[in-house]
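What follows is each chain in one-letter form.
There are 2 protein chains.
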Amino acid sequence: MKDLEKKILSAGQVLPGNILLVDSFLNQGLDVELIDAMAETWYRYFESEPITKVMTIEASGIAIAALVAKKFSVPALFAKKYDTLNLTSDRHQSSVYSYTKKKEYTIAVSKRLLTEEDHVLIVDDFLANGCALRGLIDLVESANASIGGVGIAIEKSFQKGPELIRATGVNLCSLAKIASLEDGQIEFAEADA
Amino acid sequence: MKDLEKKILSAGQVLPGNILLVDSFLNQGLDVELIDAMAETWYRYFESEPITKVMTIEASGIAIAALVAKKFSVPALFAKKYDTLNLTSDRHQSSVYSYTKKKEYTIAVSKRLLTEEDHVLIVDDFLANGCALRGLIDLVESANASIGGVGIAIEKSFQKGPELIRATGVNLCSLAKIASLEDGQIEFAEADA
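Going down the list, the protein sequences come from chains A and B. According to the working numbering, the first sequence is numbered sequentially starting from 1. According to the working numbering, the second sequence is numbered sequentially starting from 1.
Keep in mind that the hints were calculated from the coordinates and are not lab data. It is possible that some hints are incorrect.
List time: in silico DSSO-like cross-link candidates among lysine-lysine, alpha-carbon distance up to 27 Å [said to hold, decoys possible]: (1) Lys-101/B to Lys-80/A; (2) Lys-80/B to Lys-7/A; (3) Lys-101/A to Lys-6/B; (4) Lys-103/A to Lys-101/B; (5) Lys-2/A to Lys-102/A; (6) Lys-71/B to Lys-101/A.
Listed below are several chain B residues computed to face chain A (Cβ distance under 8 Å; list not exhaustive) [claimed, not checked]: (7) Ala-37; (8) Ala-66; (9) Leu-77; (10) Lys-80; (11) Lys-101; (12) Asp-125; (13) Glu-141.
Even glycine gets a Cβ: it sits at the ideal position worked out from N, Cα and C.
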């Protein structure tokens, strides 16, 4: 998606360690006009899927999920993160390893809010190692719900997540694909939409 | 706002300790049609204010902020929560006491994203003790920005926050006011819009 790529080039910052900082428009600061245009792009891409819920993980996926859910006229839903969480019978849970924080955490969603009737579109801001996304897919599978697709704003194509997720057969639509951040230069691969 | 009150009555759950659970439509599960109608109500209420940014705190305020910001055609912004955070020169910071978690945490926002040019509409899902809201007001004041108003989905009028905030002269618009949750019964006071 050209508008997203342009925004990444004009407002993104490359930090040491292959980090792309987009806090001025995608997390913390939210360019809602841009996110709404992204939502429209995913809507057209996944329009044929009978989506019943748009799901993400707190916190930076929430604005995206809300604007995408609006396009599909369905509810949004976000998984919560917990440092520690006892197993309870009323929540679907999964463990996620954070490479950024170098620790494992639990994500969970109420069983009342995600059921086998659901056909879910998962959205998130980033896909790098794919740990958070695999956790979300895990929650959907625990609920015996089905996955209509995955919409990612920015995938780091040089990390292992995108390939691992595509290998499972999930329909993944990334709006910007970063091929490389070497020497502080942002290079894109061709996006899915 | 009648539609919000109706939804609270039909889908809210009163738990012991004066807790009103609205996770099926306002936090975790998000009824984006309802939240969009709430956003429209605040837009009409605060229309005369030259709002430049809609600000909230992670996580459950984010969907609200995104949909409100869309109405005003301005960016949204959310403060992040930290268990511990070193003082740094590039962030506005404030301390917030959580009665739910019985501990203090830090909220912060990048100085790049909130400046003295800003006229801010603060929004959040709940107002009870007012600690989180006072933290947000603190951040706006640290930035020498001005406050155009505060939009709250559900205020617990029987707790001290709403009165404290109104006493400061801030223009507070609560869309549902809970007068009492005693004996598991939800009683409303007249809302601001």
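Practice item. Provide an ascending list of the numbers of those earlier hints which the structure does not satisfy. Key: 3, 5, 6, 7, 11, 12, 13
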